[in-house]
Amino acid sequence: MTSSRPQLSLAVQFAAAGDYLPARRLLRRWIKAALVADAANVTVVLRFVEEAESRALNRRHRRKDRPTNVLSFVYDDEHGAPGGDIVLCAPVLRREAMQQGKSLAAHCAHLVVHGMLHLQGYDHERAAEAARMEAQEIAILAGLGFDNPYAAYSAPATNLRRRSARR
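Numbering (the working numbering), first residue to last: 562 to 728.
By construction, these hints were calculated from the structure, which means they are not laboratory data.
The C-beta atom is built at its ideal place from N, Cα and C for all residues, glycine as well.
Treat the hints with caution; some may be incorrect.
What the hints assert, rightly or not - Ranges of calculated distance between the beta carbons of each label pair, as one might list FRET restraints:
hint : residue 1 : residue 2 : range
1    : V606      : G579      : 12 to 20 Å
2    : R687      : F575      : 31 to 39 Å
3    : Q568      : G704      : 18 to 26 Å
Given only the sequences and the hints, what does the whole structure look like? Please build it.
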């Protein structure tokens, strides 16, 4: 392992319509901020999709027949380098941001950071894991200039569950 910042290989795919989606430079910045693992190289594919694709992936990998905001798929790497795919459902992100009274950028940044932490081994299956992951998310987002994404909620995200794809 190395102590320098990992080299990021990022591919961004826009399979969803909308000029409201974040610019690639912002996505890269958010992903780099979320790199907490000590690794030399990180490969990430970030894909924005419509509800039909999100629903199909969620049904296939989590047995939930509905679109979801974010799914993370970890690559199996023989050297332990973090990486994988993060799939964000653009219409769900937009709807949730409006319902929660957040900017789309703040909500998207949160879910990009959330997905990146999953790619690096973070989880929220148990209360202690959820607290650790949420604290890391809050710290990263604060460093990016965003408010605590959980401040408006009375219940923590410990009720989220992971299957073969991490949400």
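Each hint tested on the structure:
With their beta carbons about 19 Å apart, V606 and G579 fall inside the hinted range of 12 to 20 Å. Checked against the hint of 31 to 39 Å, the pair R687 and F575 passes, with Cβ atoms roughly 35 Å apart. A C-beta distance of roughly 20 Å is found between Q568 and G704, which places it inside the suggested range of 18 to 26 Å.
The structure meets every hint from the earlier list without exception.
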